[in-house]
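Chains as they are written, first to last, in our numbering: chain A, 1 to 281; chain B, 1 to 393.
No wet-lab data here; the hints were simulated from the structure.
The reader is advised that the hints may include incorrect statements.
Stated by the list, open to error - In silico negatives: residues of chain A with every beta carbon more than 12 Å from chain B:
{"id": "1", "residue": "Gly13"}
{"id": "2", "residue": "Glu21"}
{"id": "3", "residue": "Pro125"}
{"id": "4", "residue": "Glu160"}
{"id": "5", "residue": "Gly190"}
{"id": "6", "residue": "Glu221"}
To be verified - Label-pair restraints from in silico Cβ distances:
{"id": "7", "chain 1": "B", "residue 1": "Leu117", "chain 2": "A", "residue 2": "Glu84", "range": "21 to 27 Å"}
{"id": "8", "chain 1": "A", "residue 1": "Glu84", "chain 2": "B", "residue 2": "Thr20", "range": "32 to 38 Å"}
{"id": "9", "chain 1": "A", "residue 1": "Glu227", "chain 2": "B", "residue 2": "Ala207", "range": "38 to 44 Å"}
{"id": "10", "chain 1": "A", "residue 1": "Arg65", "chain 2": "B", "residue 2": "Gly57", "range": "51 to 57 Å"}
{"id": "11", "chain 1": "A", "residue 1": "Thr29", "chain 2": "B", "residue 2": "Arg302", "range": "36 to 42 Å"}
Said to hold, decoys possible - Short derived list, chain B residues pointing at chain A, Cβ under 8 Å:
{"id": "12", "residue": "Glu2"}
{"id": "13", "residue": "Asp22"}
{"id": "14", "residue": "Thr114"}
{"id": "15", "residue": "Arg115"}
{"id": "16", "residue": "Glu172"}
{"id": "17", "residue": "Leu178"}
{"id": "18", "residue": "Pro179"}
{"id": "19", "residue": "Glu181"}
{"id": "20", "residue": "Leu182"}
{"id": "21", "residue": "Gly195"}
{"id": "22", "residue": "Phe197"}
{"id": "23", "residue": "Arg200"}
{"id": "24", "residue": "Gly203"}
{"id": "25", "residue": "Glu204"}
{"id": "26", "residue": "Ala206"}
Here a beta-carbon is modelled for each residue, glycine too, at the ideal position from N, C-alpha and C.
Letter by letter, the chains look like this.
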Amino acid sequence: MSAACEIRVGTCGYSYPEWVEAGFYPPGTRAADMLPLYARHFPVTELNFTWYQMPKAPALERMLRLAPPGFAFTAKLTRTLTHEVDPGQWRGQAALFREGISPLLEERRLLAVLLQFPASFVRDPASRLYLARLIEELEGLPLAVEFRHASWAEERVFRELERRRVTLAVLDVPPLPGLFPTVEAVTHPGLFYVRLHGRNARGWRSGNLQQQFDYDYAEPELRAWAEGPIPRLAARAARGVVVFNNHVRAQAARNALGLQRLLAASGLLPAPPPWSAASST
Amino acid sequence: MERSIIHLNVADFAAAVERTLDPRLAGRPLVIARPAAARATVFDMSEEAFREGVRKGMPLARALRLCPQARLLPPRPERYARAMRLLLEAALPYAPRVESGRADGHLFLDATGTRRLLGPPMDVAWRLRREVRDRLGLSPIWTLAPNKLVAKAASRLVKPEGEYIVAEGEEESFLAPLPLELIPGLERRDLAALGAFRLRRAGEVAALALEELRILCGERAAFLHEAVRGIDPSPVRAAGDPAPEVGGEERFDGETADEGELFAAAARLAERAGAELRRLRLAARRLRVSLRYADGGSAHRRVPLLSPTADDFLLRDAVRRAAAAAWRRRVRLRGLALACEGLVFPPAQLTLFPDAGAPGKGRPRLMAAVDRVRRRFGEEALRVAAALPPRAA
């Protein structure tokens, strides 16, 4: 079963000028050239800007033209549907999102829309109702949900996600009280989704992304994921996405390459696709 | 060096500020104008009134015919200036360079190279918007682009609210489908010249070679060629930097009582100011014209321009009008000075009222030829006759 699972490893976002300084992109790489270079190493990326900006179909179509065949995307749901919800307007926002993201869906390049909720999104009747309505409103899109608050770590929640065929994001986060823990649950047989945020406990609540996501996974930590949770998740899902969010100084890219090597060594990843870079920097 | 320029824009600024002070104004058409004035014009309006056809600068009577249900408020510039100051103060911690215009709700932030300190520019823009909303009750548009021109075009595209990110390298393809009216810096005469050839979108103009564009638009071709491709090297001026001064002075040899000589001086001043404004990619809203009398006295006139411009010809006519109006005493003149005021990033041009005085096809070609000669042989090699003293002409 595990051999049949198609696992893709990548990073949260790819457009980071500091990754040039950090050596992941060649010196002088311009933002416009980053996606093709990124795609030589990784078969998937998680689009971050769709959280800040309602996706616009023409922009995504331009981006698609830069990605090689077979390269896939996941996209964060826009903040007006997760962090800044206006009760009177969110349905309209959901319609706009659906429209904006459509090029990825039509091209069969969209593996998941990530509904990432803030730590303030606590499991209470209002939140549960909103989540249910949101999932209905986004019907037809491949959905994954990331909770940050521990109150959602409940068997009943997982069962409900399973019933609605929504993927639960499996997290690696610092061991801080109140944070949603690592739960190895597969709630959708079509897709598992792992997000590795780093374990910078001190920076996590700094309010500064540069500190929150400043972490370098050590080899044993990556090995633990490659040999434990990932094969177990892969045994229960047809596809899997594993993304690193510790983007500071290109640590995410380095760690993702390291994880790819480990997974390939244990036969969980197929041979690199032909367009992949031969080197293993 | 790749740049990250954030444009923060509170649409319909005056109306938005009034609404923070009186929430009952929300959701209703709002027109800001001084009703007592004999020939009142619209100072600003809300989006609802805009949708009914109300425009800035439109005669109030016409605005109220278009939108009779509008709530009318007198302009309170000191309020808008205060809100603008608070907006600027909110923005200052978010970038080393923040450029603020007059009290119009526009800010540019240069977030280039600040990622390590402040995080990704889009996150900076989003946090700033949130702070402005929480602290000031205003709901600005934010856009992020590699330069001011593209950031501003993106703001115009999403107006009245929203956000837009244009990545480096995407400038031209982003602008291509947009109507030319949305490209900052294009003037009414550019739209007229291009519209005559059914060129309506940036991409259609970008398909022309510079030489072809020169045939259509004369001396404006170089600017247009860059603008429709989203090229704009102009810097974000730091807050507190004084606005650049554009203007100059002409002294008459001896003294003069000759209106022709005065007009020639006006034309020379306008030509120089126009060139400087275009170089800075700015446009003037008002001109201040000063006459120096031979007896040491002086007279000043301020004239508003119909819409902000950097057009030599429009500037020249305005300087002449102002100079003629200022010359009230029967005293000879010693000099003429011009200061361009209210310098703004050039506004969007509306084609609602086609300009009867729009230049014909011949003039841009002539100007292009003049420019070429001047570049080669110097400024004085050729002069527009109007800029010559009457005896020499």
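Results of checking the hints against the structure:
no.: 1; hint: Gly13; result: 8 Å, violated
no.: 2; hint: Glu21; result: 9 Å, violated
no.: 3; hint: Pro125; result: 27 Å, holds
no.: 4; hint: Glu160; result: 31 Å, holds
no.: 5; hint: Gly190; result: 30 Å, holds
no.: 6; hint: Glu221; result: 25 Å, holds
no.: 7; hint: Leu117(B) with Glu84(A): 21 to 27 Å; result: 25 Å, holds
no.: 8; hint: Glu84(A) with Thr20(B): 32 to 38 Å; result: 19 Å, violated
no.: 9; hint: Glu227(A) with Ala207(B): 38 to 44 Å; result: 57 Å, violated
no.: 10; hint: Arg65(A) with Gly57(B): 51 to 57 Å; result: 42 Å, violated
no.: 11; hint: Thr29(A) with Arg302(B): 36 to 42 Å; result: 51 Å, violated
no.: 12; hint: Glu2; result: 6 Å, holds
no.: 13; hint: Asp22; result: 21 Å, violated
no.: 14; hint: Thr114; result: 11 Å, violated
no.: 15; hint: Arg115; result: 6 Å, holds
no.: 16; hint: Glu172; result: 11 Å, violated
no.: 17; hint: Leu178; result: 11 Å, violated
no.: 18; hint: Pro179; result: 15 Å, violated
no.: 19; hint: Glu181; result: 19 Å, violated
no.: 20; hint: Leu182; result: 15 Å, violated
no.: 21; hint: Gly195; result: 24 Å, violated
no.: 22; hint: Phe197; result: 25 Å, violated
no.: 23; hint: Arg200; result: 18 Å, violated
no.: 24; hint: Gly203; result: 12 Å, violated
no.: 25; hint: Glu204; result: 17 Å, violated
no.: 26; hint: Ala206; result: 15 Å, violated
Checked against the numbered hints given earlier, this structure breaks hints 1, 2, 8, 9, 10, 11, 13, 14, 16, 17, 18, 19, 20, 21, 22, 23, 24, 25, 26; the rest are met.
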